[in-house]
Amino acid sequence: MIEHTPNEERRKTSAALDEARLRQQAIGVRLRQMFDEVVNEPVPDEFLDILRKADKRSSENG
Amino acid sequence: MSEAASKHANRDPADDEAFKRELVKLIPHLRAFARTLAGEPAGADDLAQDAMMKAWDARASFQMGTNMKAWTFMILRNQFYSEKRRSWRQTQLDQEAAERTLVAVDDPEAPVALDELRMSLAMLPAEQREALVLVGAGGFAYEEAAEICNCAVGTVKSRVSRARRALHAILDDGSYERDGGAAGDAMRSILADAERLSSAR
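Taken in order, these protein sequences are the chains called A and B. Each residue of the first sequence is one higher than the one before, counting from 1 in my numbering. Each residue of the second sequence is one higher than the one before, counting from 1 in my numbering.
Note that these hints are calculated values from the structure, not bench results. Be aware that a few hints might be false.
Each computed DSS-like pair below joins lysine-lysine, with the alpha-carbon atoms no more than 27 Å apart [said to hold, decoys possible]: (1) B:Lys157 - B:Lys20; (2) B:Lys54 - B:Lys69; (3) A:Lys53 - B:Lys20; (4) B:Lys54 - B:Lys20; (5) B:Lys69 - B:Lys20; (6) B:Lys69 - A:Lys56; (7) B:Lys69 - B:Lys84; (8) B:Lys25 - A:Lys56; (9) A:Lys53 - B:Lys54; (10) B:Lys69 - A:Lys53; (11) A:Lys53 - B:Lys157; (12) B:Lys54 - A:Lys56; (13) A:Lys56 - B:Lys157.
So the derived label-pair ranges between C-beta atoms look like this [as the list claims (entries may be wrong)]: (14) B:Arg162 - A:Val29: 18 to 24 Å; (15) B:Ala169 - A:Ala54: 43 to 49 Å; (16) A:Glu46 - B:Arg21: 14 to 20 Å; (17) B:Ala14 - A:Leu48: 18 to 24 Å.
Because the structure is a prediction, the values reported are computed rather than measured. Backbone N, C-alpha and C define an ideal beta-carbon position, used for all residues, glycine too.
Using the sequences provided together with the hints, build the complete structure.
Below, the structure written as structure tokens:
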């Protein structure tokens, strides 16, 4: 930053910081949205089938 | 009797039931994490299934009442990197996965910027991407993310902040673009979000 920063400059700097913060916030919102989109998908039956079979196998062996 | 079965021979069936209930609840989260690591949905689901089975087989070593989500995420991550190490085509696969992701998310209803974020995220180094996803989307504390990634807390913090800066830069100059489309659209869309956020304050 230059010396003898006028108030105007300082104001601009702080506005830029605010904007950067806001952008990061917006990216964060999108990121969670992207992740939650998959979390909210119905789980394919395959997952539960596999787990059920494994559980059955271990209880038969135990 | 298999080795795994003998290890579990003395387990209380009620413990197994409780474990299974918790594990089932975590499947959607495992799928989401796998998707961010593996990129394309089919490969990601294979990875999530493998991790789920690894967790089930290792249930005797899990301390009930501790953070099962972090524990399963750690298993999934280890699984992902051990598979990657085995693959001599690693780099090519990454590239292909990134390209398939573009096709896989080709949903006309999906908000444009979401695809662009996905593409930009895919351009980050894996270690930065996973740190950002765990902390920024998975809801993990830095300490938990550090445990999952098997690194220091400070390392996670710096990866997350580098990832944020890099994402910002990629979205800003539109360098994720391949087809000559208008650069800067993603950032404009993100900015529209920012404006909504600021007016909501």
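Do the hints match the structure? See the list:
1. For the proposed pair Lys157 of chain B and Lys20 of chain B, the alpha carbon gap of about 33 Å is over 27 Å, so the pair is violated.
2. This hinted pair checks out: Lys54 of chain B and Lys69 of chain B have alpha carbons roughly 14 Å apart, not beyond 27 Å.
3. About 12 Å separates the Cα atoms of Lys53 of chain A and Lys20 of chain B, which keeps this hinted pair within 27 Å; it holds.
4. Of the supplied pair hints, the one linking Lys54 of chain B and Lys20 of chain B holds, its CA atoms being roughly 13 Å apart against a limit of 27 Å.
5. In summary, the hint linking Lys69 of chain B to Lys20 of chain B is supported, as the alpha carbons are separated by about 13 Å, within the 27 Å threshold.
6. Restraint check for Lys69 of chain B and Lys56 of chain A: the C-alpha separation of about 24 Å stays at or below 27 Å, so the hint holds.
7. Between Lys69 of chain B and Lys84 of chain B, the direct Cα distance comes to roughly 22 Å. Compliance with the 27 Å bound is thereby established for this hinted pair.
8. Between Lys25 of chain B and Lys56 of chain A the CA atoms are separated by roughly 19 Å; this keeps the pair inside 27 Å, and the hint holds.
9. Taking the CA atoms of Lys53 of chain A and Lys54 of chain B, the gap is about 14 Å. The hint holds against a cut of 27 Å.
10. Between Lys69 of chain B and Lys53 of chain A, the direct Cα distance comes to roughly 22 Å. Compliance with the 27 Å bound is thereby established for this hinted pair.
11. Restraint check for Lys53 of chain A and Lys157 of chain B: the C-alpha separation of about 41 Å exceeds 27 Å, so the hint is violated.
12. A C-alpha spacing of about 16 Å is found between Lys54 of chain B and Lys56 of chain A, which places the hinted pair at or below 27 Å, so the restraint holds.
13. Of the pairs offered as hints, the one joining Lys56 of chain A and Lys157 of chain B is violated, with about 43 Å between alpha carbons and a cut-off of 27 Å exceeded.
14. A C-beta distance of roughly 20 Å is found between Arg162 of chain B and Val29 of chain A, which places it inside the suggested range of 18 to 24 Å.
15. Roughly 45 Å separates the CB atoms of Ala169 of chain B and Ala54 of chain A, a value that falls within the hinted 43 to 49 Å.
16. Glu46 of chain A and Arg21 of chain B have their C-beta atoms about 19 Å apart, which keeps the hinted 14 to 20 Å range intact.
17. The hint said 18 to 24 Å for the Cβ distance between Ala14 of chain B and Leu48 of chain A, and at roughly 20 Å that hint holds.
The structure fails hints 1, 11 and 13 (numbered hints given earlier, in ascending order).
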